[in-house]
Amino acid sequence: MNESSDHLLRSRRSSESLFSRFQVVGLVVLTLIAVISKFYLPRLIPSAVWLEVPLLLTIYFGLMRPDPVPALLFGAFVGIAEDSLSPANLPIGMYGITKTLVGYFAASVSQRFNVDNSLIRLILCFFFYFFHAFFYWVMRRALLQQLVPFDPRETLLHGLFNIAVALPLYLVLDRMKVSQEA
Amino acid sequence: MDAIFNRYRSYRSLIVLVVVIVVQVLYLAYQVRTGRDERLIRVWAVSAVTPMAGIVEATRHNTIGFLKDYFLLLDVREQNRQLKRDNDQLRLENVFYRNQLTTAEHAHALTMFQTKSPSRTVAARVIGDSTVSTAKAVFIDRGSTSNIEKGMAVVTPDGIVGKVAAVYPLVSQVLLVTDSTFKVGVESQKGHVHGSLNCGLGHCVVEQIQNEEDIANGEWFFTSGEDRIFPKGFPVGTVVSAQPGNGMKDVRLNLSGAPGGTEEVLVVLEGVHQTIPTNAVPEEKIAKPLPVPPSDKENGGALPGTFQTEADKLKQKYQQLGKAQEHVYGALYSNLPNFNAKPAPKPLVAADPDAPSKTTPNPNPPAKPAPVLGAPVNKAAPNTPKAPAVKQPRPPSPKPVLPLGSPRPKRPMEGPVSTPPSASPQQ
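For the record, the sequence lines run as chains A and B. Residue 1 is where the first sequence starts when you use my numbering, and the numbers rise one by one after that. Residue 1 is where the second sequence starts when you use my numbering, and the numbers rise one by one after that.
Keep in mind the hints are simulated off the structure, nothing from the lab. We treat Cβ as the ideally placed atom computed from N, Cα and C, and that holds for glycine. Accuracy of the hints is not assured; some may be wrong.
As the list claims (entries may be wrong) - A few chain A positions that, by computed beta-carbon distances, are all more than 12 Å from chain B:
1. Gly26
2. Leu27
3. Ile36
4. Asp67
5. Leu119
6. Ile120
7. Leu160
Said to hold, decoys possible - No more than 20 Å apart at the CA atoms, straight line, and that leaves these computed lysine to any residue pairs for SDA-like:
8. B:Lys183 <-> A:Trp50
9. B:Lys150 <-> A:Asn89
10. B:Lys317 <-> B:Asn338
11. B:Lys190 <-> B:Lys150
As the list claims (entries may be wrong) - If you want the ones that stay clear, here's a sample from chain A, every Cβ over 10 Å from chain B, calculated:
12. Val35
13. Ser118
14. Ile123
15. Trp137
16. Leu173
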């Protein structure tokens, strides 16, 4: 491992704790807001049906936390909260599994790379959105035998739409984090 | 022992990941295998989310139309400062009435449909969407307390919407017909060809129709009742294209209802099968069209009474005033008309039957009011050439001076002077 790669490596303080920055109540409130936005926002803006605020939140906490365990647990919590509002023909756990993986992988990436850069965050966000959509489609097909159409080009476009929303959202969350640290 | 703990620490996150995933997969497999819906978790989540969404939706529904039109009014006010107060007041009233009318029309259409349809239904409002973007489902503000049960059909007067997929105490979840897992039994209007509606491919197709069957473009499809969800005879949509395919005909349908965009729906509590109409195309709208308006000639010119709204009447009045005072709206150096003046009453025109019906320009300066302004309209003798209006003194107006455009008492048979008792002796 040379100096340049060392520069990319993250060295986070072990004392940093997710729950010291964002309290449990804050996490629950944010999750609730994210789920409600997905529940209600398409009534106001029909194109917002593709907006995945819960996923963006899961990615953010995964990237901000190098320990994968809280990140994957948070992903599972958000996913199950979404599942509980999904149509009754979709069993609970579909989004839970997908977002658990997203949280774990996001935290794993943050262990190895410096993810404070906004560009890297957005690229990862775009990648995880595509992974999330594709893995969910695979699960519906494989586990539930539901033939749901999947359009990669459309999914990529929706990924761009989501990273456009992620940019200001992450800035706001960064500010919240800084204010709590202060 | 330490080695085991160190090894566990290095694989801790992976072990937790595997455990969490396995637990969820097992739980999911349990649900799929047993076909059980985990009501407890769903009830908690729905109970936590839907009240807030219901409040937001009700607030939006009641205020957004008003606010939109109010901001439009601000633009109108900038255009004409002189008339802004009257226009604002009138248009605000119009907005209020228009909103009331729109709501009443929709509610009336639903009520008409409810009374017309033999099925027993209950009206509901859509308050939220599903959290799965690829699944088509909505939440409505009626639940088990309104006697709604799982599997009931959801329709609008225009067509079918979906079926109740889950019921909670105060809300229900409706799976839309556009969901990929939803199929509806349909039947064509003319040939009574049966098929299965599938909207999961991004467009709606009628499957299971043989190539030999005769399906024409524009033909209506109705529910056949074979799916045991929708009663027979509800309109579904019209055929957009019907092409022969491999074994089965490729029939594409345009849904008559708008399952994703509708805001108010009817849940069929007790469905009654109906016969499919053979000749008549189902009515797309309940409200009957208005009769043909009478022509201007029949009314003897444009009368203020023929206009629909107060704003139209006001506009007509100002146009008459501008014409009478030789004012050209929008022209440079055109003298300012006196908008407080009242237009010439009918008896003045009727006094000279040979005079052209078109109002002649008023030679008087605009600031000088017309001699007959404020004179009571004598309905009893409109054709008498005597009593020239010029000689009549302007009676004192005992009524409070109302701003322009304010609603006047709508009693056309009474003159303005006869209303207050103190003015009667002057007549």
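For each hint, the structure was consulted:
no.: 1; hint: Gly26; in the structure: holds (17 Å)
no.: 2; hint: Leu27; in the structure: holds (15 Å)
no.: 3; hint: Ile36; in the structure: violated (6 Å)
no.: 4; hint: Asp67; in the structure: violated (7 Å)
no.: 5; hint: Leu119; in the structure: holds (26 Å)
no.: 6; hint: Ile120; in the structure: holds (21 Å)
no.: 7; hint: Leu160; in the structure: holds (15 Å)
no.: 8; hint: B:Lys183 <-> A:Trp50; in the structure: violated (24 Å)
no.: 9; hint: B:Lys150 <-> A:Asn89; in the structure: holds (12 Å)
no.: 10; hint: B:Lys317 <-> B:Asn338; in the structure: holds (12 Å)
no.: 11; hint: B:Lys190 <-> B:Lys150; in the structure: violated (33 Å)
no.: 12; hint: Val35; in the structure: violated (6 Å)
no.: 13; hint: Ser118; in the structure: holds (26 Å)
no.: 14; hint: Ile123; in the structure: holds (22 Å)
no.: 15; hint: Trp137; in the structure: violated (8 Å)
no.: 16; hint: Leu173; in the structure: holds (21 Å)
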